[in-house]
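> If you want the building blocks of each chain, they are given just below.
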Amino acid sequence: LPVWFSINADYFFLQFTIPIDNGDSVKTAEADSQRTLYPYVTGTSIVAIKYKDGVLMASDMGGSYGSTLRYKNIERMKAIGKHSLLGASGEISDFQEILRYLDELVLNDNMWDDGNSLGPKEVHNYLTRVMYNRRNKFNPLWNTLVLGGVKNGESYLGMVSMIGVSFEDNHVATGFGNHLARPILRDEWHADLSFEDGVKLLEKCMRVLLYRDRSAINKLQIAKITEEGVTVSQPYSLKTFWEFKAFNNPTAGAEGSW
Amino acid sequence: MFRNQYDTDVTTWSPTGRLFQVEYAMEAVKQGSAAIGLRSRSHVVLASVNKAQSELSSHQRKIFKVDDHIGVAIAGLTADGRVLSRYMRSESINHSFTYESPLPVGRLVVRLADKAQVCTQRSWKRPYGVGLLVGGLDESGAHLYYNCPSGNYFEYQAFAIGSRSQAAKTYLERRFESFNESSREDLIKDAILAIRETLQGETLKSSLCTVSVLGVDEPFHFLDQDSIQKVIDTFENVPEEEEDGGEAEAEAAAAEQGGAGDQDVAPMEM
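Line by line, the protein sequences give chains A and B. Be aware that the first sequence starts at -16, since it is given in our numbering, and climbs by one per residue. Be aware that the second sequence starts at 283, since it is given in our numbering, and climbs by one per residue.
The set of hints was computed from the structure by calculation and includes no laboratory data. There could be a bad hint or two in this list.
As the list claims (entries may be wrong) - In the EDC-like style, the derived pairs of lysine to aspartate or glutamate whose C-alpha atoms are separated by at most 20 Å in a straight line are: (1) Lys65/A x Glu421/B; (2) Lys134/A x Asp515/B; (3) Lys187/A x Glu171/A.
What the hints assert, rightly or not - Restraint-style ranges between C-beta atoms, simulated for each label pair: (4) Pro297/B x Lys120/A: 52 to 58 Å; (5) Asp291/B x Leu90/A: 36 to 42 Å; (6) Tyr54/A x Arg364/B: 54 to 60 Å; (7) Gln399/B x Leu20/A: 15 to 21 Å; (8) Glu137/A x Arg456/B: 39 to 45 Å; (9) Glu421/B x Asp86/A: 18 to 24 Å; (10) Glu421/B x Gly212/A: 14 to 20 Å; (11) Lys397/B x Lys120/A: 50 to 56 Å; (12) Leu20/A x Gln439/B: 58 to 64 Å; (13) Lys312/B x Gly212/A: 48 to 54 Å; (14) Gln17/A x Lys397/B: 37 to 43 Å; (15) Glu459/B x Ala174/A: 22 to 28 Å; (16) Lys120/A x Arg343/B: 48 to 54 Å; (17) Ser378/B x Arg18/A: 28 to 34 Å.
Glycine is no exception: its CB is placed at the ideal position from the N, C-alpha and C atoms.
Working from the sequences, and respecting the hints, build out all of it.
Listed below in structure tokens is the structure:
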């Protein structure tokens, strides 16, 4: 079995199999399906902030297969219903599974056709229940989810982890973003950021992640959610700078090394 | 309604397309003591007449809190009403737990109606013998619904069910157009006046009625006896001025007619 070693904060590894209870009275090891042990195709950080008109969220479009940057066109942020935006890091297939759950939820909500609609708070809590229940069955959805939205003028931004830890805040980040982006946000975020300032702040965080996170790629999207609805930008790349003196002639001080 | 050969099973249609067992269940609602509901844009008031089996016993509880934003008043077989209230509380709390958000009243009412409908289409069940006035608040404002044993439900500005409810309905029909803009206090006063209509001659005392309120920024709760008595005092002491259409004032009567007319009501119905 392949085992990945990675310094990404999202991962931890279980080295044993736990059989799932299918309800059969006799359990055979081969017949049981295995539970999620480790992720295969993963997305890296999501960074999100509340701003004047709602919520801004940024993510890159990469899907890593271990240490290989295999997929470069994965949209890791999706609109949910009229009022919410979901971003996910971690296992991409589990994210797609979550989107299917939410699709059904939104469909049933729309079918009522009664003037009530699911807001971001309701979606966030529903996801918390799903994630926590899966964790209790030792079969987690290997994602850290960011849920942002606006309803009736109120902005909402929250996060759920794969073990069901759930909370709201003015700015959130997943994975490496927690370590690299949040310190920047703690210093520079303030209430009522304009759209331009918000985007600049997110780009600053994403640039640091691009430099320092091995699983980040230079192709990102920024999504905005306001009372009017969700817009996800077209993919674009950040300008980077590599002309540091030390990079130009790395072996200047130590001939023969690389 | 007379006995006929099509009324034994709920799953038997009559030739004229009626389900008599369901209609008989609706009769049970009419035997219960009165329950009244009214709503404005922002508040819902549910009121009921306190009826006791005898002077020795306490009165039957007819109004239940389902959640902070939903209350229900029942008439008919109170045991059935209690069970359905428990179902409603369960649905409400499950929704709150999953979504951290109050269950919209309209959705609760539909689930309740679907539950009642099941009992009209199974040969081994019987319809619930209770009518429910469900009052609640959601995103789209205050709502009042009536759920029938037939599985139908209707939305109302104001409604009354149970015995002698027609008198209350007549009163409400005269006044309902103003309810939407009513203040909370006026709404409560109208509810108590409607209750008085069902008493037909008996003196209105706060011990005879239960009144509950819910509204925007006001979770469901019962009014205490003193508050109810204060409202009663505003119109009982000045009979002629407060009346609409001039009904006879109850004070002169003083005859405690209490439970005299109800000997033919089955003990399980309240």
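> Would you list, in rising numerical order, the hints stated earlier that this structure does not obey?
2, 7, 11, 15 and 16
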